[in-house]
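Enquirer: In case you want the letters, here they are:
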Amino acid sequence: MHKITVIALNTFKEAVRNKVLYFLLIFALIIMGFSGVISDLSIAAPEKLIKDLGLASIDFFGFLIAVFVGIYLVYNEIDKRTIYTIVSKPIDRCQFILGKYFGLLFTIYVNIAIMSLFFFAVLYFRESTQPDMVNKALYHEITPGKWEAAGNPAIQYYLFHAKQFGLSAGKAFITIFGYTEPLTQGLMRVILMSALGLAVITSFAIFYSTFSTPTLSAVFTFLTFIIGSLCEDILRYTDKLAEKAGGVNMLTGADSLKYWFAWAAMHITPNLGLFDKRMDAIYGSEFVNPLDRYVTVDWVVVVYGLLYVGGVLCLASMIFNRRNFK
Amino acid sequence: MIVIDTNKLTKVYTHDFIDVEHGRIRFNFFRRTVALDHLDLEVREGEIFGLLGPNGAGKSTTIKILMGILFPTSGSARIMERPLGDKTVKGQIGFLPENPAFCDYLKGHEFLNYYGELYGMTRDRRRRRIPELFGLVGLPDHAPNLPLKGYSKGMLQRIGLAQALLNDPKLVVLDEPQSGLDPLGRKEIRDIILALKEEGKTVFFSSHILSDAELICDRVAIINRGCLISIGELNKLLNTKIKDYEIVASGLSGAAIEALRPRAQKCIEREGDVLMIVPTETEVNEVMRIVVNEKARLVSLTPRRETLEEYFIREVSRHAPDEETAREGAANA
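One line per chain: the protein sequences are G and F, in this order. Numbering of the first sequence is given in the working numbering, commencing with residue 1 and proceeding in unit increments. Numbering of the second sequence is given in the working numbering, commencing with residue 327 and proceeding in unit increments.
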């Protein structure tokens, strides 16, 4: 376990010295920041737009980090031949793979934490700077119905916003550690489930990089992500094919091929839709994820995700154990 | 104790199905290359063993198999009487690969600390050992805080050697340890290898630099095209008889030089000196007589024995035609 931790920490060190990580993180933060601005364009429920865009950014940029940082981690060690001196040390090759995986996952989670902090800060800041609250800060009622500016309005305006910004950041910070209020109710659950989904997709990124080039690994990981996210549609498609033919056994020719190809793709790739709880948290129970009709309890999804991670990492270790490093 | 023992170790590379060479697609249907062919080696405890051979002979392949980087196609090997890959044994081995590359985002001390942790060394031991090693391998004072991407080739070779000695290993395996080093660096590496032997460690290394190998090796093995050509103690392998004599004289007249020329195998004039290689003692006496008669000055007289380089070239060229015949025979069969 100690050696896995050592490799994981070194992988984290390697990842945080990678410029791609910062580009992705900055881009995600810019999108979240802008979500506060463009929410004004929304006719109704602007905070829903902020939530949707923020949570989608956390998930998507977490995925991009898994792909663009993950696919190079194992490949670079082999390509640059740094693996020679590592495998000659008293460690197992599977310890190396696990170390790389947990190091990458730690990097992704640190980034998710930073993005979440920013996301909650934007939400709190937006809520605390509603026009009526700004007015309250800029003017005070001297007699019923008669208002007067509280000092220089421009200075008061900036001071108020600066104060709210600080307070929002503080509240966002404690939200990450479990504090919730109606505005952020259920959002941590969405982020945690999304983090679990990323753990699954990261295991695939590491798995592909044990036997292919970075470009191919990226393509494979994207395909896994797309198929995994479209599981519900693929399921509907296979159901429709079977229904049209009057049963699975009645399928012939191209339809049979399509059915079994779709069936295999759906069963090999993880059902990533299960980790997406955004609909539930943002729009309420009437807009729940359609996949929740199969799995309604979170811990079942957690076990499902962990089993996938375990299985994929076992396969990755088996392949890596047999590899010759020329 | 036999520290390294290989038994009919064989490695066959299977080529990729499709290769692109010089912009042209090349199909390699079942194309295979024998990198190592039934290699039997024994390295004894406490000796400096040199694995020598021309480019592509299979030296690095042998070392990579022993270090668990490659898997043999057939045959077996044992290190310290344990099978390859045994973690207890790995903890007692230090390894420096050829043209080493390391995690270049790490600073010198971070890198050694990381590898120290992989060896399972305690924090106290690492704290004591790492500064010691920077001094031992001759890295400059700023090296510990310099990222490895800023290291020169020679510095990388030195820090590579430092990581190989980090765990105070019983067996040190070095693949071309002197490549990329200047003459001073090569001498320092030689001295470190000799110091390791004095500490009772076994050193197994491959090298192209035969003059250095001759100076430090107890035993050598020469391999060519994956086959073992010869193995043994240097003083037994090399011919101890005097091969010829090298004479350097100065102040000889032109006529005297012309008189000496037919007697010498080689006669080279250089800034007033004449260097001659003569085959027998009789020729030496004759040269001496002329030098005395001419009242010239004898600068040096050196009897020459066979060098490792000469032995190596002789053995490699002696086996090359047989190898070709054998390969052709195998291909025809």
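To be clear, the hints were calculated from the coordinates, so they are not data collected in a lab. Wrong hints could be hidden among the right ones.
To be verified - Here are the simulated lysine-lysine pairs, DSS-like style, with alpha carbons at most 30 Å apart:
{"no.": "1", "chain 1": "G", "residue 1": "K80", "chain 2": "G", "residue 2": "K136"}
{"no.": "2", "chain 1": "F", "residue 1": "K479", "chain 2": "F", "residue 2": "K496"}
{"no.": "3", "chain 1": "F", "residue 1": "K567", "chain 2": "F", "residue 2": "K496"}
{"no.": "4", "chain 1": "G", "residue 1": "K326", "chain 2": "F", "residue 2": "K479"}
{"no.": "5", "chain 1": "G", "residue 1": "K13", "chain 2": "F", "residue 2": "K475"}
{"no.": "6", "chain 1": "G", "residue 1": "K258", "chain 2": "G", "residue 2": "K19"}
{"no.": "7", "chain 1": "F", "residue 1": "K479", "chain 2": "G", "residue 2": "K80"}
{"no.": "8", "chain 1": "F", "residue 1": "K413", "chain 2": "F", "residue 2": "K334"}
{"no.": "9", "chain 1": "F", "residue 1": "K592", "chain 2": "F", "residue 2": "K413"}
{"no.": "10", "chain 1": "G", "residue 1": "K80", "chain 2": "F", "residue 2": "K413"}
{"no.": "11", "chain 1": "G", "residue 1": "K19", "chain 2": "F", "residue 2": "K433"}
{"no.": "12", "chain 1": "F", "residue 1": "K413", "chain 2": "G", "residue 2": "K326"}
{"no.": "13", "chain 1": "G", "residue 1": "K171", "chain 2": "G", "residue 2": "K48"}
{"no.": "14", "chain 1": "G", "residue 1": "K80", "chain 2": "F", "residue 2": "K569"}
{"no.": "15", "chain 1": "G", "residue 1": "K80", "chain 2": "F", "residue 2": "K496"}
{"no.": "16", "chain 1": "G", "residue 1": "K326", "chain 2": "F", "residue 2": "K562"}
{"no.": "17", "chain 1": "G", "residue 1": "K3", "chain 2": "F", "residue 2": "K334"}
{"no.": "18", "chain 1": "G", "residue 1": "K258", "chain 2": "G", "residue 2": "K3"}
{"no.": "19", "chain 1": "G", "residue 1": "K13", "chain 2": "F", "residue 2": "K413"}
{"no.": "20", "chain 1": "G", "residue 1": "K326", "chain 2": "F", "residue 2": "K334"}
{"no.": "21", "chain 1": "G", "residue 1": "K163", "chain 2": "G", "residue 2": "K48"}
{"no.": "22", "chain 1": "G", "residue 1": "K80", "chain 2": "F", "residue 2": "K513"}
None of the values given here were measured: they were computed from a predicted structure.
Enquirer: Hints first: check each against the structure and report whether it holds.
Expert: Checked hints:
1. K80/G / K136/G: Answer violated: K80/G to K136/G is near 62 Å, above 30 Å.
2. K479/F / K496/F: holds, 27 Å
3. K567/F / K496/F: violated, 36 Å
4. K326/G / K479/F: Judged against 30 Å, a Cα distance of about 21 Å means the pair holds.
5. K13/G / K475/F: Roughly 15 Å separates the two Cα atoms, so the pair holds.
6. K258/G / K19/G: violated, 42 Å
7. K479/F / K80/G: Holds. K479/F to K80/G sits at ~15 Å (cutoff 30 Å).
8. K413/F / K334/F: This hinted pair holds, its Cα atoms lying about 23 Å apart.
9. K592/F / K413/F: Roughly 57 Å separates the two Cα atoms, so the pair is violated.
10. K80/G / K413/F: holds, 24 Å
11. K19/G / K433/F: holds, 18 Å
12. K413/F / K326/G: holds, 22 Å
13. K171/G / K48/G: holds, 19 Å
14. K80/G / K569/F: Violated, at about 47 Å.
15. K80/G / K496/F: Distance ~28 Å between K80/G and K496/F Cα, so the pair holds.
16. K326/G / K562/F: violated, 35 Å
17. K3/G / K334/F: Answer violated: K3/G to K334/F is near 34 Å, above 30 Å.
18. K258/G / K3/G: violated, 46 Å
19. K13/G / K413/F: Distance of about 26 Å is within 30 Å: holds.
20. K326/G / K334/F: holds, 21 Å
21. K163/G / K48/G: With a Cα-Cα distance of about 24 Å, the restraint between K163/G and K48/G holds, given a limit of 30 Å.
22. K80/G / K513/F: holds, 28 Å
This entry does not satisfy hints 1, 3, 6, 9, 14, 16, 17 and 18, going by the numbered hints stated previously.
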